[in-house]
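Asker: Residues per chain are reported as follows:
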Amino acid sequence: MTDILMPALSPTMEEGTLAKWLVKAGDTVAAGDVIAEIETDKATMEVEAVDEGVVEEILVEAGTEGVKVNAPIARLSGGTEAKAPEPKPAERTPAEAPPAKAAARTEAPTKADPAPAKRQEGERIFASPLARRIAEQKGLDLSAIKGSGPHGRVIERDVKDAKPGAKPAATAAAAPAERRGETRPVQSLQQMGIPEGSYDLIPLDGMRKTVARRMTDSFRDVPHFPLTIDLEIDRLLEARGRINKMLEKDGVKVSVNDIILKACAVALKRVPEANASYSPEGIALHHHADIAMAVAVEGGLITPIIRKCETKGLAQIALETKDLAERARTRKLKPEEFQGGTFSVSNLGMFGIKSFGSIINEPQGAILSVGAGTKQPVVRGDQLAIATVMSVTMTCDHRVVDGATGARWLEAFKALIEEPLAMMV
Amino acid sequence: MDFDVIIVGAGPGGYVAAIRASQLGLKTAIVEREALGGVCLNWGCIPTKALLKSGEVYEQLHHLADYGLAADKPRFDFTKVVERSRKVAGQLNSGVGFLMRKHKIEVIEGTARLEKGTPAPKVVIAQKRGGERTIQAKHVILATGARARTLPQIGLEPDGDRVWSYREAMVPKAAPKSLIVIGSGAIGIEFASFYRALGAEVMVVEALSRILPVEDEEVSTAARKAFERRGLKFRIGATVKKLTKSKTGVAVEIETGGKTETLEAERAIVAVGIVGNVEDLGLEALGVKIDKTHIVTDAHSATGVPGLYAIGDVAGPPWLAHKASHEGLHCVEHIAGQPAKNLNAPIPGCTYANPQIASVGLTEAAAKTAGRKVKVGRFAFRANGKAIAAGETEGFVKTLFDAETGALVGAHMIGAEVTEMIQGFALAMTLEATEAELHATVFAHPTLSEAMHESALDAYGLVLHA
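Those protein sequences? They're chains A and B, same order as listed. First residue of the first sequence? That's 1 in this note's numbering, and the numbers climb one at a time after it. First residue of the second sequence? That's 1 in this note's numbering, and the numbers climb one at a time after it.
Some hints could be false.
[Stated by the list, open to error] In the BS3-like style, the derived pairs of lysine-lysine whose C-alpha atoms are separated by at most 30 Å in a straight line are:
| id | chain 1 | residue 1 | chain 2 | residue 2 |
| --- | --- | --- | --- | --- |
| 1 | A | K163 | B | K373 |
| 2 | A | K138 | B | K341 |
| 3 | B | K53 | B | K233 |
| 4 | A | K68 | B | K341 |
| 5 | A | K160 | B | K368 |
| 6 | B | K104 | A | K160 |
| 7 | B | K102 | A | K68 |
| 8 | A | K138 | B | K375 |
| 9 | B | K375 | A | K163 |
| 10 | A | K68 | A | K332 |
| 11 | A | K209 | B | K341 |
| 12 | A | K138 | B | K373 |
| 13 | A | K138 | B | K368 |
| 14 | B | K27 | B | K53 |
| 15 | A | K249 | A | K322 |
| 16 | B | K27 | A | K68 |
| 17 | B | K386 | B | K368 |
| 18 | B | K375 | A | K160 |
| 19 | A | K334 | B | K27 |
| 20 | B | K122 | B | K104 |
| 21 | B | K104 | A | K68 |
| 22 | B | K104 | A | K163 |
| 23 | A | K160 | B | K373 |
| 24 | B | K368 | A | K163 |
| 25 | A | K332 | A | K209 |
Hints are computed from structural coordinates only; laboratory data are not their basis.
Work the whole structure out from these sequences, hints included.
Answerer: Below you can see the structure in the form of structure tokens.
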């Protein structure tokens, strides 16, 4: 008898939703058969059987949320030992996660100095007796102190060197990096005056939770500012027409967005300070422009990545974006296809949006929001003329990309968009 | 890559680390050159406890009248006493084998050495069944343990006949009539206590100014008195100049405060500390830092050589099985990327002589040296109802609290069952309890543990039964 265990589809996965069973009790399976689909915060993945045997029992019903990694999900007869099935795309078990990295991440907060933490009024504070005693003696507000003990318990060393006067409201923003993933407790709709029964409730799926968490963290913790510039894209549109005529026989069609991605990559090589990430150890200047593009999918959005975009030709970029977007919509992306990236592009031009400012996709240093290209009156010399104008907004992480850096990048980008031939130089 | 983790040495550090590694989903192998369970299970903690129990029961037989009982001429069969001890060790050894199978840990019998490799050194094993096998993993944990320190230049070297280490002392053919124990740490004192219980004339030689030098001074003093009442003899502050052997026994020349003296006995036990097993592992070639005889490690037991860790005795003092296990668990959890538990867990120490001695945290002297003002509480078992009923009124409980914060900073006990009771204080310290929680805890009556409560109360002038 073999227990089939909930697989870890990525190194950080702790739980997932068992979306669908493709087998039922009594079915015979062979190694490699797809037996179930698992939905994580980012993607849906197929789970293959590792052993052959007969499915004796389904232990976790389809649609169950929050199934812990390594929990038994079904029982197979004929096997010999408990094994986590091989997930098709992505890493296999937590054991194969890069341990040093994982350890470094989990440890970082514990080494931090006493950091303030926000708590709701009346919320129970977990603190050791000694920590309470010392806090009382020093006049410290325990609710303002982040605990480094088990389950966030405040222990002696958290208060030993803390200075009195640390108030949560005043200092909460001081050490945001230490407390990722905790969002302000949301009041219930009833508390906010919306009666129950007056709406339909859509449960939060993994993707929605991830979007909520990552966007909240980023918007709250990253000091961001927007820079907007207008671009004339008539030459770009003309170039695109000629390129597509050339590529017609290959069945490849380059979109305006593909050219924007390429221009972003080239501009990032010209102004490498904008291709950066903030980390406590220092500012990472990325070697390549890995451009993430926001793709709207049912129930959320995902940002697949064109790796080393600066090295790729437009035809290849067009093929990759098409493939990634399609697989994003069917939630078939592998984690490595949407995790990472050094710069993002979000395009709402097709919806007629004139301009907008996106939220930074951490740990990237900037994101470009692309509006619609529309014919507009422009002034050339003292003459009125007509041009197709597109407005773009770059949201910058001020910790790595200062205003002048962002402006220089936009200048470089504008030059490439307004004269696409410059990308050849 | 053959494994996620390879552990060298299957003592209480290594095998416990292997179990946790397996629980965390890591593919694990463990290499052992001798016996699963290491010194602890086979030649240390466990078999000595079996011997000491025999000694304790035998000693009790001489005090039956105190309990209104009588038996004619208590005797012992030394061969059977040793046999029982070996059986106990054997049972636990096979228990470890079962645990390794249960957790699907590959056990490789043989002697390991390391060679350069990435991401961690390669492990080359001269297998017991013959042949060499080289395996690789992402992480290698050295848990090779330690052995008795010897000083051959002055004759302090076990010969298996007249001069014993802990190992020979555990399986002699006959109980010695007279014995000199050199060293009064836990190992020396336990053997001295055991052989004295069986009637041997025992002399303990200690170079420092008191016995059980790591314990609180009050405990050392009380222990010495208690042992002397049982007929143990001591030479304190005595340096061994030379040990010489004859056909019938040993002669140990000692110097105490400028005066020399020659002690004679049938056998001698050398218990002058231990040295880490760092040889023949290829550590020098890898650039592993070794301080005297132990491997230098950081808070996560990393050696500084990528992928190589060291835990337990080989990584330095305190040389205790539970310290090795604790380090092993922490090291593996760190490897698996688990968050550190961040408990400032103090390591208790126990000596299973009669009476027992147990302690955790700082001694009074250490607290003073560290510049901490402490409040001291004491409670003697002679005022404890359960102790009186059991006829075990020897000893006391001493507690130390930080005078400013009330944190329990140390606890020191001597008396019956204190090696069990110490866990209460260890838990209190791990949870960062202050005197308030210890005062507020309800202790069952009648128990010896009530003395713990009273001691904590005494530190604040609130003792009830004294």
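Asker: State for each hint whether it applies.
Answerer: Checked hints:
no.: 1; hint: A/K163 x B/K373; result: holds, 22 Å
no.: 2; hint: A/K138 x B/K341; result: holds, 26 Å
no.: 3; hint: B/K53 x B/K233; result: holds, 22 Å
no.: 4; hint: A/K68 x B/K341; result: holds, 21 Å
no.: 5; hint: A/K160 x B/K368; result: holds, 19 Å
no.: 6; hint: B/K104 x A/K160; result: violated, 44 Å
no.: 7; hint: B/K102 x A/K68; result: holds, 23 Å
no.: 8; hint: A/K138 x B/K375; result: holds, 20 Å
no.: 9; hint: B/K375 x A/K163; result: holds, 26 Å
no.: 10; hint: A/K68 x A/K332; result: holds, 21 Å
no.: 11; hint: A/K209 x B/K341; result: holds, 27 Å
no.: 12; hint: A/K138 x B/K373; result: holds, 18 Å
no.: 13; hint: A/K138 x B/K368; result: holds, 23 Å
no.: 14; hint: B/K27 x B/K53; result: violated, 39 Å
no.: 15; hint: A/K249 x A/K322; result: holds, 17 Å
no.: 16; hint: B/K27 x A/K68; result: holds, 20 Å
no.: 17; hint: B/K386 x B/K368; result: violated, 33 Å
no.: 18; hint: B/K375 x A/K160; result: holds, 20 Å
no.: 19; hint: A/K334 x B/K27; result: holds, 25 Å
no.: 20; hint: B/K122 x B/K104; result: holds, 21 Å
no.: 21; hint: B/K104 x A/K68; result: holds, 22 Å
no.: 22; hint: B/K104 x A/K163; result: violated, 50 Å
no.: 23; hint: A/K160 x B/K373; result: holds, 16 Å
no.: 24; hint: B/K368 x A/K163; result: holds, 26 Å
no.: 25; hint: A/K332 x A/K209; result: holds, 19 Å
Hint compliance for this structure: hints 6, 14, 17, 22 are not met, and every other hint is.
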